[in-house]
Amino acid sequence: MSVPFERHGESIKVRLSEPERAAISGLPAVIEEAGGAGGRFEYQVHPEDPAADRRYQELVGDHLGNLRATDREAFAAAINARSLDIEQAEGLMRVIGEGRIVLAMRLGIEADGWEESASVEDPEVAMLHYLGYLQESLVEALTP
Amino acid sequence: MTAPTTTPVDDPVFDDLDQPDHPWHVVVWNDPVNLMSYVVWVFRKLFGYPLEKATRLMLQVHHEGRAIVSSGPLEKVELDCQRLHHHGLWATLEKT
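Chains A and B are the protein sequences, given in the same order.
Residues 2 to 145 (our numbering) are what the first sequence spells out, left to right.
Residues 3 to 98 (our numbering) are what the second sequence spells out, left to right.
Check the hints yourself; a few may be wrong.
Claimed, not checked - Now the stretches of chain B that chain A is said to cover, found in silico as 3 or more residues with beta-carbon under 8 angstroms: (1) 28-40; (2) 86-92.
Stated by the list, open to error - Only some residues are given here: those of chain B computed to face chain A with a beta carbon under 8 angstroms: (3) Met3; (4) Glu80; (5) Cys83.
FYI, nobody ran anything at the bench for these hints, they're computed from the structure.
Each residue gets a CB set at the ideal place from its N, CA and C atoms; glycine is no exception.
With the hints as constraints, model all of the structure from the sequences given.
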């Protein structure tokens, strides 16, 4: 069985079938709809010092949000491409990771070991595993 | 964190965690979703750590709930934090 992502020099070959592309095409929308994902994406740098955290948030402004949005905007083109450059593949990997975080939040996953008790019949659990498979393949492809 | 791997490098490797002139630590916290292999990849990518060190830090996060992954002046560690957040890792700062 061929792997979904494979490195060829400085590019990453994409081998996703049409059903696979269709299955994950809505991921950016799922992430956007999740907003802060119950606080998971509302990062605090100084959780013990609200004033310092406010200063940090004012300093960085929307920069992180813009970076995340840029990754999501590039997602559709990335999954429909035959090959990606390294930067595109890294962005795709980050979106897949965020998608897993959102699904985990929706499934109420809060501790390690969730795989043992998660129902394989649940479509969101299946998607969580599938996205993990894709992310693992990207990690391998992006590792020189 | 979730099961198994390895990675690339952006910046030169420097092991600065024990230097006395670094008043801030970046702490990465465990979460049950990010893949172990992905976390190792992120540590290597962002900090230029060799595989062994990145893996050790990932395992420390996994088993102890947290690990200090970088240190330095505030300006540097805040940037480190933001880069970790961009990769979906939960990171905070604490004074040394």
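Hints and how they fare:
{"no.": "1", "hint": "28-40", "verdict": "holds (count 8)"}
{"no.": "2", "hint": "86-92", "verdict": "holds (count 5)"}
{"no.": "3", "hint": "Met3", "verdict": "7 angstroms, holds"}
{"no.": "4", "hint": "Glu80", "verdict": "6 angstroms, holds"}
{"no.": "5", "hint": "Cys83", "verdict": "5 angstroms, holds"}
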